[in-house]
Amino acid sequence: MTVVTPQEAPVADVPKSSGTRLVDRVFKMRELAILVVFLVMIAVTQAGNSQFLSEQGIKDLLLNATILVLVATGQSLVVITRNVDLSVGSTLGISAFAAGTYLQGGGNPVVAIALAVLLGIGFGLLNGLLVSLGQVPALVVTLGTLYIIRGIDSIWVGSSQITAADLPGGFVDFGSGGISAVPYLALIALAVLIATAYYLKHFASGRELYALGSNPEAARLAGIPVRKRILAAYTFCGALAGLAGAMYLARFGNVDSGTGTGYELTVVSAVVVGGVVFTGGSGSVYGAALGALLLTSINSVLPALGVSSVWVLAINGILLILAIAVDRVVALRVASALKKRNARHG
Amino acid sequence: MTHPSTTGPAPVLALKDVSKSFGAVRALRDVSLELFPGEVHALAGENGAGKSTLIKALAGVHRPDAGQVLLDGAPVTFHGPGDARDAGIAVIYQEPTLFPDLSIAENIYMGRQPRRALGRIDHKATHNATAALMERLGVELDPDRPARGLSIADQQIVEIAKALSFDARVLIMDEPTAALTGSEVARLFGVVRTLREQGAAVLFISHRLEEIFEICRRVTTLRDGALVGSEPLEGMTEDDLVRRMVGRDLDELYPKQEVTPGEVALSVRRLTREGVFTDVSFDVRHGEIVGLAGLVGAGRTEVARAVFGIDRWDAGEVTVDGKALVNGAPSTAMSAGLALVPEDRRAQGLVMDMSIERNIGLTGLRTTVKAGLMDRGAERSRSLDWAVKLQVKYARIADTVNTLSGGNQQKVVLAKWLATGPRVLIVDEPTRGIDVGTKAEVHRLLSQLAADGVAVLMISSDLPEILGMADRVLVMHEGRLTAEIPRSDATEETVMAAATGRAAA
Ligand SMILES: Nc1ncnc2c1ncn2[C@@H]1O[C@H](COP(=O)(O)OP(=O)(O)OP(=O)(O)O)[C@@H](O)[C@H]1O
Ligand SMILES: [Mg+2]
Chain A
1 MTVVTPQEAP VADVPKSSGT RLVDRVFKMR ELAILVVFLV MIAVTQAGNS QFLSEQGIKD
61 LLLNATILVL VATGQSLVVI TRNVDLSVGS TLGISAFAAG TYLQGGGNPV VAIALAVLLG
121 IGFGLLNGLL VSLGQVPALV VTLGTLYIIR GIDSIWVGSS QITAADLPGG FVDFGSGGIS
181 AVPYLALIAL AVLIATAYYL KHFASGRELY ALGSNPEAAR LAGIPVRKRI LAAYTFCGAL
241 AGLAGAMYLA RFGNVDSGTG TGYELTVVSA VVVGGVVFTG GSGSVYGAAL GALLLTSINS
301 VLPALGVSSV WVLAINGILL ILAIAVDRVV ALRVASALKK RNARHG
Chain B
1 MTHPSTTGPA PVLALKDVSK SFGAVRALRD VSLELFPGEV HALAGENGAG KSTLIKALAG
61 VHRPDAGQVL LDGAPVTFHG PGDARDAGIA VIYQEPTLFP DLSIAENIYM GRQPRRALGR
121 IDHKATHNAT AALMERLGVE LDPDRPARGL SIADQQIVEI AKALSFDARV LIMDEPTAAL
181 TGSEVARLFG VVRTLREQGA AVLFISHRLE EIFEICRRVT TLRDGALVGS EPLEGMTEDD
241 LVRRMVGRDL DELYPKQEVT PGEVALSVRR LTREGVFTDV SFDVRHGEIV GLAGLVGAGR
301 TEVARAVFGI DRWDAGEVTV DGKALVNGAP STAMSAGLAL VPEDRRAQGL VMDMSIERNI
361 GLTGLRTTVK AGLMDRGAER SRSLDWAVKL QVKYARIADT VNTLSGGNQQ KVVLAKWLAT
421 GPRVLIVDEP TRGIDVGTKA EVHRLLSQLA ADGVAVLMIS SDLPEILGMA DRVLVMHEGR
481 LTAEIPRSDA TEETVMAAAT GRAAA
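Residue numbers (the UniProt record's numbering), protein chains in the order written: chain A, 1 to 346; chain B, 1 to 505.
The hints are simulated quantities; they were obtained by calculation from the structure and are not laboratory data.
Be careful, since some hints might not be right.
Label pairs and their in silico Cβ distance ranges [stated by the list, open to error]: (1) B/Asp399 <-> A/Gly262: 41 to 47 Å; (2) B/Ala226 <-> A/Pro137: 46 to 52 Å; (3) A/Leu265 <-> B/Glu274: 40 to 46 Å; (4) A/Gly306 <-> B/Gly328: 30 to 36 Å; (5) B/Asp122 <-> A/Leu187: 53 to 59 Å; (6) B/Phe22 <-> A/Ser154: 57 to 63 Å; (7) B/Phe166 <-> A/Phe278: 54 to 60 Å; (8) B/Thr272 <-> A/Pro137: 41 to 47 Å; (9) B/Gly328 <-> A/Leu187: 24 to 30 Å; (10) A/Ala191 <-> B/Phe166: 51 to 57 Å; (11) A/Arg333 <-> B/Thr272: 19 to 25 Å; (12) A/Ser180 <-> B/Asp86: 53 to 59 Å; (13) B/Glu274 <-> A/Val330: 17 to 23 Å; (14) B/Glu140 <-> A/Val330: 21 to 27 Å.
From the structure, some residues in chain B lie toward chain A, with a derived Cβ separation under 7 Å [to be verified]: (15) Pro81; (16) Gly82; (17) Thr97; (18) Phe99; (19) Pro100; (20) Asp101; (21) Met110; (22) Gly111; (23) Ile121; (24) Lys124; (25) His127; (26) Gly377; (27) Arg380.
Using N, Cα and C, we set each Cβ at its ideal position, and we do this for glycine too.
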C-alpha cells in the first residue's frame with residue numbers, strides 16, 4: 001500500500017490536558033466529598049449539642065478513629081492489589097493480648113509494641129505466602145486465617161482477660177494522653193498515614209501495587225515481581241494490624257479472647273467508603289483514612305443527637321452502598337468523558 | 001557490539017530447535033530463528049501457526065520445552081519477562097497489556113521510571129519523556145490521562161511507545177499495525193527504520209503482506225508450529241509468500257459478487273452524538289456491501305455503536321426496513337435483524353474463560369432455548385457448523401476461548417454474530433488479525449451474505465479490502481461523513497483524500 005502521509009490534523013478544540021484535570025478532579029472530589037459529608041455531620045451535631053466539640057469531645061473523636069485509620073491504611077494496600085485481608089481483626093486481637101501478657105509480667109512498653117508489630121508481620125507473611133503462592137482467592141484464604149488466628153487466640157487466652165490495672169501506668173496514660181485535643185496515638189497514626197501515602201505515590205514499588213491491581217497479567221509481562229509485591233502488601237497490612245493491637249491495649253487497657261471480632265468488616269467498609277476500589281488499581285490511603293474517620297464519628301454523633309445507637313450499623317450500611325453507587329456513577333461519567341476525548345485526531 | 005568484518009554480524013538473538021506444547025497442542029516444533037542487528041525480520045504464518053508463542057519464548061514469557069534461546073551466541077534462560085527486558089529485548093504483544101487505572105506515562109515507564117534522589121520517582125521526567133515519545137510517533141495523546149477508555153489504536157500506540165522508550169537492541173512486534181491506518185503505520189515504519197539504522201534487530205509480524213514487503217528484508221515462515229523456511233524477501237512475490245504460509249495457492253482474495261441492490265435496509269438520518277460525530281446520513285440497501293473508510297479516530301466505530309444502540313445518540317434517526325430503532329437499545333436493534341461485530345474482541349466480543357461453543361452460542365440463546373431450558377445439543381451443532389465454516393483452529397470445541405490464537409479469537413466473534421442470521425450486518429474491522437487464507441474466506445462469506453440479500457456495512461482500515469469488497473465507499477473525517485464514492489470511482493487516492501480532509505466532498 002502506498003501510504004499517503006497526511007498533515008497532522010488540527011487538534012480538536014479540547015484543551016490539551018483536560019483529561020488529566022478531569023481525572024485529578026474526580027479523585028480529589030471523591031476524597032473531598034467524604035470530607036464534606038464529615039464536616040456537615042459534625043456541624044449539624046454541634047448545632048444540636050454544643051458540648052459535642054469540647055476539647056474532650058474532639059479528643060474522643062480522634063481517639064476512636066485512630067485504630068481504624070491504622071488498620072484501614074494497611075488494608076488499602078492489599079485492596080489496591082486486588083486482594084483483601086479478612087484476618088486483620090483476629091491479628092489485632094491476638095497482638096493486643098500478646099503485648100498485654102508481656103506488660104503484665106513487668107515488660108518494657110516499647111518492646112511490647114515491637115512484639116505486637118512482629119506478631120502482625122508474622123501473620124501478614126503467612127497470608128501473603130498463602131495468597132501469592134496458592135491459586136486460592138484471597139477472600140477464602142484470609143477467611144481461613146481469620147478463624148485459625150482467632151482459634152489460637154481463644155485457646156491461649158481462654159477465659160482470662162487483661163485489665164488496665166495489670167498494665168504499667170505510663171502505658172495507659174500514653175494511650176489516653178495527648179497534646180491538648182490531639183491524642184498521641186492519633187499522631188502516630190497520622191505519621192504512618194503520611195509515610196504510606198508518600199511511599200505509594202513516589203516509589204516504584206508503590207506504583208507497582210497499583211499496576212498489579214489494575215491488570216495482573218500486564219504486570220507480569222512488565223516484569224513486576226508480582227508475588228513479592230503481594231507478599232509485601234500483606235506483611236505491611238499485618239504489621240499495622242499488630243501495631244493497632246498495641247494501641248488498642250494502650251487505649252482501652254482491656255483485652256479478652258473476643259477482642260477485634262468482626263472488626264475486619266468495619267475496616268473493609270471504611271476502605272470502600274473511602275474510595276479504594278474493591279477490584280483493585282485505584283484509590284488512596286487518605287481516602288481510606290477519611291472513610292475510617294467518617295464511620296467512627298457516626299458512633300459518637302448519634303448519641304450526641306439523642307438517637308439510639310442501634311441505628312449505627314444501618315447507617316454504616318447505607319453509607320457503604322451510597323459510596324459504591326457514587327463510585328459507579330463517577331466511573332461511568334469519567335469513561336464517557338474520556339471516550340468523547342477519543343474522537344480527536346482526525 | 002562487535003561486528004567481525006570477515007563473517008558479517010553475528011545474530012543478537014536466536015532460537016535453536018525450540019519446541020513448546022500446551023497440553024496436546026504442539027504450538028512450536030523444532031523451530032530455529034536468527035535475528036541480526038540492523039535488519040528487520042518478518043515472521044509469517046496462518047492464525048495459530050505459532051508466531052505469538054515463538055515471540056513469548058524469546059521474551060521469557062514461555063520457557064521452551066526443548067531447545068535453546070541464544071543471546072549474542074550464548075545460551076540464556078530467561079526466568080521471566082523482566083530478564084528479557086534487562087537483556088535489551090522490547091516486546092509489543094498482540095493483545096494490549098495496559099494498566100487501565102494508570103496514566104499513559106506510568107504505563108510506559110512502569111517498572112523502570114526515571115528516579116530522583118533516594119530512589120523516588122521523577123514524575124516530571126516521566127511526563128516529559130512520554131510527551132517526547134508521543135511527539136516522535138506524531139500522535140496527540142496526553143501523557144497524564146489514564147489508559148482506560150483508549151481506543152484499540154491508541155492502546156497499540158501506547159504499546160509501541162513503551163517498546164521504543166528504552167534503547168532496545170531487539171524490538172519484537174506482534175501485529176503492531178493490526179489496529180492502525182495508513183498514516184500511523186507510516187509513522188511507525190519511520191521509527192523502525194531509524195532503529196534499524198542504529199543497529200537494532202527487529203522482528204515483525206503482520207497479516208498485511210504489503211507491510212512485510214515494505215519494511216522487512218528476510219522472512220521466516222511457520223506452518224502448524226513447524227518451520228517452513230527462512231529466506232530473503234528480495235525476488236519473492238506475495239503469492240510465493242502465501243504459498244509458503246498456507247501450503248497451496250490462494251483463491252481470489254476479494255471474491256466480490258455482482259448484486260443488484262434491493263430496497264433500503266438500513267437508513268441513518270442526521271445522526272449526531274455531541275463531540276463524537278455530527279450529522280451522519282447514509283443508506284445501505286439489501287444485497288449491498290457499503291464500506292466505511294477513514295483514519296483512526298474519525299468516528300466510524302462510534303457511529304456503528306450508536307446505530308446498534310450501545311451508545312445513545314443526541315439527534316437523528318435510524319430505521320431498519322422502514323421501522324425506527326429505539327435510541328440506546330441493542331435488544332430492539334437485534335430483534336429488528338441488526339447484528340454488530342465489534343472491533344474490540346476481548347472487551348466486547350468474547351467471554352474469555354467460556355468455551356468456544358458457548359461463546360458462539362451466546363447470541364443464539366433465544367433460538368436454542370426450549371421450554372426455558374437450553375438445548376445444548378442444538379447449541380453445539382450450530383457452533384460446530386460456524387467454527388468449521390470459518391476454519392477456527394482449536395483442539396476441542398469445549399476449550400476456553402483464551403487458549404486460542406489472536407486471529408482465531410477474532411473468528412469466534414465473527415461466528416457468534418453470523419450465527420444470528422442477521423438482515424443487516426455491521427462489521428467493524430472484520431479481518432483484523434486474520435490470516436490471508438481466512439481473510440479470503442471471510443470475504444467470500446460476506447459476499448455470499450450480500451448475494452442472499454443481507455445489507456452489509458463494513459468498517460475497515462484495510463484500504464485494499466474496502467476497495468476490493470465495497471459497492472460504495474463512505475468516508476468519514478473528524479466525525480463527519482465527507483464523501484460517498486461509487487465502486488467505479490473508488491481508488492486509494494480518492495478515498496485517502498477524503499479521509500484526510502483534503503478533498504471537498
Ligand atoms: N495458553 C495456551 N493454552 C493452550 N493453547 C495455546 C495457548 N497459547 C497458544 N495456544 C495454541 O498454540 C497454537 C499457536 O498459537 P499462537 O498464538 O502462537 O498463534 P499465532 O501464530 O500467533 O496466530 P495469530 O496469527 O492468530 O495470532 C494455537 O493452536 C493456540 O490455540
Ligand atoms: Mg498471534
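Hints that the structure is at odds with (numbers, increasing): When the structure is compared with the hints, numbers 2, 4, 5, 6, 7, 9, 10, 24, 25, 26, 27 turn out to be violated.
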